[in-house]
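Asks: Here the protein sequences come in this chain order: V and U.
Numbers in the numbering used here are just positions in the first sequence, counted from 1, shifted up by 82.
Numbers in the numbering used here are just positions in the second sequence, counted from 1, shifted up by 82.
Because the hints were derived from the structure by calculation, they are not lab data.
These numbers were taken from a predicted model, which means no experiment stands behind them.
Hints are not guaranteed to be accurate.
Copies of one chain are not kept apart here, so a pair can be met inside one copy or by any two copies together.
As the list claims (entries may be wrong) - Each computed DSS-like pair below joins lysine-lysine, with the alpha-carbon atoms no more than 25 Å apart:
no. : residue 1 : residue 2
1   : Lys106    : Lys331
2   : Lys236    : Lys343
3   : Lys343    : Lys197
4   : Lys234    : Lys108
5   : Lys244    : Lys273
6   : Lys130    : Lys112
7   : Lys331    : Lys108
8   : Lys277    : Lys130
9   : Lys234    : Lys307
10  : Lys385    : Lys273
11  : Lys130    : Lys234
12  : Lys387    : Lys307
13  : Lys130    : Lys236
14  : Lys234    : Lys112
15  : Lys186    : Lys234
16  : Lys277    : Lys307
Protein chains: 2
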Amino acid sequence: MSKEKITSIAELGEFGLIDRLTEKIKIRNKSTIKGVGDDAAILEFGEKQVVVSTDLLTEGIHFNLMYVPLQHLGYKAVAVNVSDICAMNAVPRQMTVSIALSSKFSVEAVEEIYKGIYTACERYGVDLVGGDTTSSLTGLTICITVIGEVEKGKAVLRSGAKPNDLLCVTGDLGGAYMGLQLLERENEVFKVNPKVQPQLDGYDYILQRQLRPEARVDMIGIFRKTGVQPTSMIDISDGLSSEILHLCKNSGVGCNLYEEKVPLDFQTKKMAEELNINPLVAALNGGEDYELLFTVAQTDFDKIKNDPDITIIGHMTEASEGTNLITTGGSKIPLIAQGWNHGK
Amino acid sequence: MSKEKITSIAELGEFGLIDRLTEKIKIRNKSTIKGVGDDAAILEFGEKQVVVSTDLLTEGIHFNLMYVPLQHLGYKAVAVNVSDICAMNAVPRQMTVSIALSSKFSVEAVEEIYKGIYTACERYGVDLVGGDTTSSLTGLTICITVIGEVEKGKAVLRSGAKPNDLLCVTGDLGGAYMGLQLLERENEVFKVNPKVQPQLDGYDYILQRQLRPEARVDMIGIFRKTGVQPTSMIDISDGLSSEILHLCKNSGVGCNLYEEKVPLDFQTKKMAEELNINPLVAALNGGEDYELLFTVAQTDFDKIKNDPDITIIGHMTEASEGTNLITTGGSKIPLIAQGWNHGK
């Protein structure tokens with residue numbers, strides 16, 4: 083096998099690096115008047131609202147390059163921000179990406195990150211319209227800002243839930259957390275004996291949930307098609323408990339969440355059993371699932387009841403009733419936020 | 083004197099820190115429908131174009147906390163991005179700020195940075211509408227994205243300059259670079275003998291140019307009022323030479339820059355003499371002046387000729403004539419880019 087070429091960043095120079103990174107950009111939206119190559123990007127929207135979200139990811143805090151492939155890292159950095167746009171009921175359109183990296187990274191390494199970024203751009207129909215590439219003394223930092231559009235009056239905040247609204251979630255929960263536990267376990271084994279092959283077989287789904295999560299852009303289309311207008315919405319970055327409490331606090335309501343309704347995948351449950359973790363705890367406190375948590379008026383029940391991707395997990399109540407988890411055994415216990423990561 | 087209270091970030095918690103940092107936000111623009119406190123910001127523009135610019139600043143590369151006060155750092159981080167918006171002939175409106183910091187920073191330190199950020203928001207009429215605060219293993223990183231608005235057809239790119247257009251610059255050049263030289267000299271002295279008082283007297287202007295530069299938002303108003311529509315524009319972050327070459331390359335033209343016309347402040351010249359540096363070199367290659375470099379058609383000459391803040395430093399030519407510096411002695415030498423910093 084031939085050795086892959088390693089180019090130092092110094093060799094290319096900063097402008098050279100930027101040219102190399104941006105030459106593959108494709109513009110997909112009519113609203114992108116001017117993308118990279120000037121001091122700023124120009125976007126044009128008719129009677130639409132513009133939605134902006136930004137995230138900063140740092141090495142050793144948000145990701146561990148010991149087990150996160152750079153391409154997945156780039157993809158995930160985009161997906162996480164696109165997920166925030168979806169949580170507003172908006173469609174992602176443009177994005178800026180800034181990356182700071184130390185001299186330990188080669189041009190090829192940066193290109194790997196961008197490969198993931200461009201794959202995500204393609205997947206989500208987003209235009210990369212600007213950014214900054216710079217050096218750092220140590221480690222890798224990625225800052226992404228995504229801009230989305232939404233028709234006036236259609237944006238969904240965290241604050242619109244009413245008592246008796248149905249509490250819904252897309253997909254399943256806890257998988258990203260169990261995927262991380264698996265990766266960390268194998269990383270520990272590797273540190274002790276680098277010759278041991280990692281045991282990842284049969285866990286592709288939860289690994290993908292952790293390493294290459296998807297934003298639920300598809301749901302925004304489904305909401306449009308079925309005429310569902312959520313009353314409040316948030317994406318699940320910190321864990322179900324924490325996000326429910328955000329909706330309740332911002333909307334001034336309480337809620338009953340039913341343990342038995344929380345959607346869990348088979349692999350999540352299997353891994354949890356193997357590691358002696360309660361899978362419900364992974365769902366409640368795990369985070370990074372990037373599913374959408376939203377409320378709808380009961381009158382919208384018929385529009386969502388047959389969607390296999392939407393689970394009704396509870397309902398909102400008067401604030402005075404508190405925020406409760408109703409266990410499978412029928413006990414009512416207060417819901418506690420215990421975000422485990424640095425999300426939002 | 084009473085000791086100032088030091089609160090650890092762990093003590094406040096992430097949400098507590100964010101609350102503390104955002105409680106002073108004032109919304110100034112009607113177009114800000116929803117600022118911080120949700121997954122993303124909502125902005126609304128009628129028949130306007132939206133302009134977005136982003137910058138990532140890292141400790142040890144873009145700033146040295148040995149001599150940069152945190153408040154100035156926050157201010158400058160905003161000014162630098164606002165400057166990019168101005169360079170599009172747009173008015174800055176909204177901003178997102180993301181900060182990653184290691185445990186060596188106290189809450190008070192972060193608040194100092196934000197104090198500078200809020201001062202700049204006030205100065206430039208910008209709304210802080212979102213962001214992210216997170217930890218890093220080492221050092222401080224700031225990522226800022228500014229969004230501006232401009233009427234359709236009024237945005238100015240780097241690519242519109244024509245032969246015979248006048249090449250103009252606002253303010254004076256080289257000051258930020260000479261201010262940095264002064265700070266670095268005093269820092270070296272301090273490292274050898276911490277008891278020596280820094281010798282900064284009489285250099286307040288160039289220190290301010292380096293530590294607390296201003297974006298030329300005022301010029302955008304003047305362009306509107308006087309009916310000047312620049313044919314191309316860029317802000318001076320990397321040094322005059324480099325920026326002129328950007329305009330020429332993007333517009334497909336050449337230029338003649340006249341040495342004797344390059345505006346230099348008295349303090350810039352004095353410091354340059356003291357340090358035995360040619361002040362023209364500071365202007366050409368120094369960078370970080372954040373003045374606007376732009377071209378106008380000769381028919382606009384009357385509109386700019388009496389503005390004391392605008393200097394005509396040359397004119398554009400056919401591309402075949404090259405990019406030249408005409409020295410005071412009358413020699414024609416090729417203009418060379420020699421950006422010294424990491425800007426753009």
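Asks: Compare the structure with each hint and give your call.
Replies: The hints, checked one at a time:
1. Lys106 x Lys331: Intra 44 Å, inter 20 Å, cutoff 25 Å: inter-copy only.
2. Lys236 x Lys343: neither (28 Å within a copy, 55 Å between copies)
3. Lys343 x Lys197: Intra 38 Å, inter 46 Å, cutoff 25 Å: neither.
4. Lys234 x Lys108: between (28 Å within a copy, 23 Å between copies)
5. Lys244 x Lys273: neither (51 Å within a copy, 62 Å between copies)
6. Lys130 x Lys112: Intra 13 Å, inter 15 Å, cutoff 25 Å: intra and inter.
7. Lys331 x Lys108: Intra 41 Å, inter 22 Å, cutoff 25 Å: inter-copy only.
8. Lys277 x Lys130: For lysine 277 and lysine 130, neither the intra-copy (56 Å) nor the inter-copy (60 Å) Cα distance is at most 25 Å.
9. Lys234 x Lys307: within (17 Å within a copy, 32 Å between copies)
10. Lys385 x Lys273: So lysine 385 and lysine 273 fail the 25 Å test inside a copy (51 Å) and across (70 Å) alike.
11. Lys130 x Lys234: both (6 Å within a copy, 16 Å between copies)
12. Lys387 x Lys307: within (15 Å within a copy, 59 Å between copies)
13. Lys130 x Lys236: Answer is both; intra-copy 10 Å and inter-copy 20 Å each pass.
14. Lys234 x Lys112: Close inside one copy (19 Å) and across copies (15 Å); limit 25 Å.
15. Lys186 x Lys234: Answer is neither; intra-copy 46 Å and inter-copy 44 Å both fail.
16. Lys277 x Lys307: neither (52 Å within a copy, 72 Å between copies)
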